[in-house]
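Protein sequence lines correspond, in order, to chains A and B.
Residues 2 to 213 in the working numbering are what the first sequence spells out, letter by letter.
Residues 28 to 205 in the working numbering are what the second sequence spells out, letter by letter.
In silico PhoX-like pairs for lysine-lysine, Cα to Cα no more than 25 Å straight-line:
| # | chain 1 | residue 1 | chain 2 | residue 2 |
| --- | --- | --- | --- | --- |
| 1 | B | K69 | B | K91 |
| 2 | B | K200 | A | K19 |
| 3 | B | K31 | B | K99 |
| 4 | B | K200 | B | K91 |
| 5 | B | K91 | A | K19 |
| 6 | B | K69 | B | K200 |
| 7 | B | K99 | A | K19 |
Here's a subset of chain B near chain A, in silico, CB distances under 10 Å, partners left out:
| # | residue |
| --- | --- |
| 8 | R49 |
| 9 | V81 |
| 10 | I166 |
With beta-carbon atoms standing in for the labels, derived distance ranges:
| # | chain 1 | residue 1 | chain 2 | residue 2 | range |
| --- | --- | --- | --- | --- | --- |
| 11 | A | L92 | B | D98 | 19 to 29 Å |
| 12 | B | G64 | A | P99 | 39 to 49 Å |
| 13 | B | G170 | A | V201 | 46 to 56 Å |
If you are wondering where the hints come from, they were derived from the structure by calculation, not from laboratory data.
Note that beta-carbon positions come from the ideal geometry of N, C-alpha and C, so glycine has one too.
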Amino acid sequence: MDTNELIKALAADTQPRKPSLSTTWRSAVAIAIAAAAIVFFVTLGPRLDIAAAAETIRFLFKFVVTVVLAASAFIAAQALSRPGSAWRRALPYLAAAPVLLVLAIILELFALPPATWSARLIGTNSMVCLTFIPLIGIGPLAIFLMVLRHGAPTSPALAGAVAGLLAGGIAATFYAAHCTDDSPLFVATWYTIAVSILAVIGALAASRLARW
Amino acid sequence: MNGKDEEELAQLMRTAIAGDERAYGEFLQRASRLVRGLARRKAGQGGIDPEDIVQETLLAVHTKRHTWRTDKPITPWLYAIARYKLIDAFRRRGRRVEVEIGEIADVFATPEPETVSDREIGRALEMLAPGQRSVVAAISVDGRSIGETARSLNMTETAVRVALHRGLAAIAKRFGRN
Chain A
2 MDTNELIKAL
12 AADTQPRKPS
22 LSTTWRSAVA
32 IAIAAAAIVF
42 FVTLGPRLDI
52 AAAAETIRFL
62 FKFVVTVVLA
72 ASAFIAAQAL
82 SRPGSAWRRA
92 LPYLAAAPVL
102 LVLAIILELF
112 ALPPATWSAR
122 LIGTNSMVCL
132 TFIPLIGIGP
142 LAIFLMVLRH
152 GAPTSPALAG
162 AVAGLLAGGI
172 AATFYAAHCT
182 DDSPLFVATW
192 YTIAVSILAV
202 IGALAASRLA
212 RW
Chain B
28 MNGKDEEELA
38 QLMRTAIAGD
48 ERAYGEFLQR
58 ASRLVRGLAR
68 RKAGQGGIDP
78 EDIVQETLLA
88 VHTKRHTWRT
98 DKPITPWLYA
108 IARYKLIDAF
118 RRRGRRVEVE
128 IGEIADVFAT
138 PEPETVSDRE
148 IGRALEMLAP
158 GQRSVVAAIS
168 VDGRSIGETA
178 RSLNMTETAV
188 RVALHRGLAA
198 IAKRFGRN
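Just chain A, same shape as in the assembly (with noise of 0.2 Å):
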């Protein structure tokens, strides 16, 4: 078959278009938090004490923390899913939520005496940020690698990766209502471990199954 030849084929063949791509992470995005919070609505819940946690800055930045990571990884993944587009220029929004990370950290380590950091990084709760986040976070992310099969990332194991950044900030927002370790020094710690797990778990999925 020549270039031609399969031109006409191609010329022929006006099956209606796919949904958009933008479209298509919109409601994966939706669905997928839906499915978040079935799993940890079922499995966790939110903290007894959620009221009064609402009123200090610590839990509430928790959730600043993780929407922004949410929120860049999904302007990261949607423009490594569409070739040609500017990614390169989209990244650098990925370090806006470990650079707040940071800043607290800093804070916190005015606010506290050295005496309790350790105490303050180890938390109570480290075993089940490691189990829940992922635990939360393997269905949005299977949903995403789906989109990233419907569209045509070039780079498939970065737009993986990304994808589990994703998954792991929408899992880690809602795990952040149930932990009632609130500082910046748990987070950075065991959050960020458990989000890797999930953007390492991307990588090595998409680079087999999101190639085109």
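Since the structure of chain A is already known, use the hints to place chain B on it.
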């Protein structure tokens, strides 16, 4: 490639998306010429047939056309796909070379003549189910319309469209992977 060419190409694709088969054919012709230039410059040194890159890119353009944002320039999108397919071909070539070292005796035993059908897409076409293959071949190689193909194969036009669509999707999936 200047701004006018870019705008014409994008306009052809927008018309094609609206359902104009002729505009789509014209878009693919122009796209193939642009990609051929890139493929000839880059593919030669790797022992890769540039025309394989052109065809693989066209198939990807077709199956992934929903990833182009209609309000954006189309050439960066087109070239990004071509570049991805080029890199993919080099990557596969690297892997295949390793495989062939163990099978070198077989290669000498059965030398294959260089023909047009030796193109990777020819092999992908041959791997299709017979029904899909005859539909794809009738429209591409024989240049028949959907209606003519339906009559000559004694199928409905809808069945021809479905077989064509699935056949091309299967080729796009298998291209270069056999």
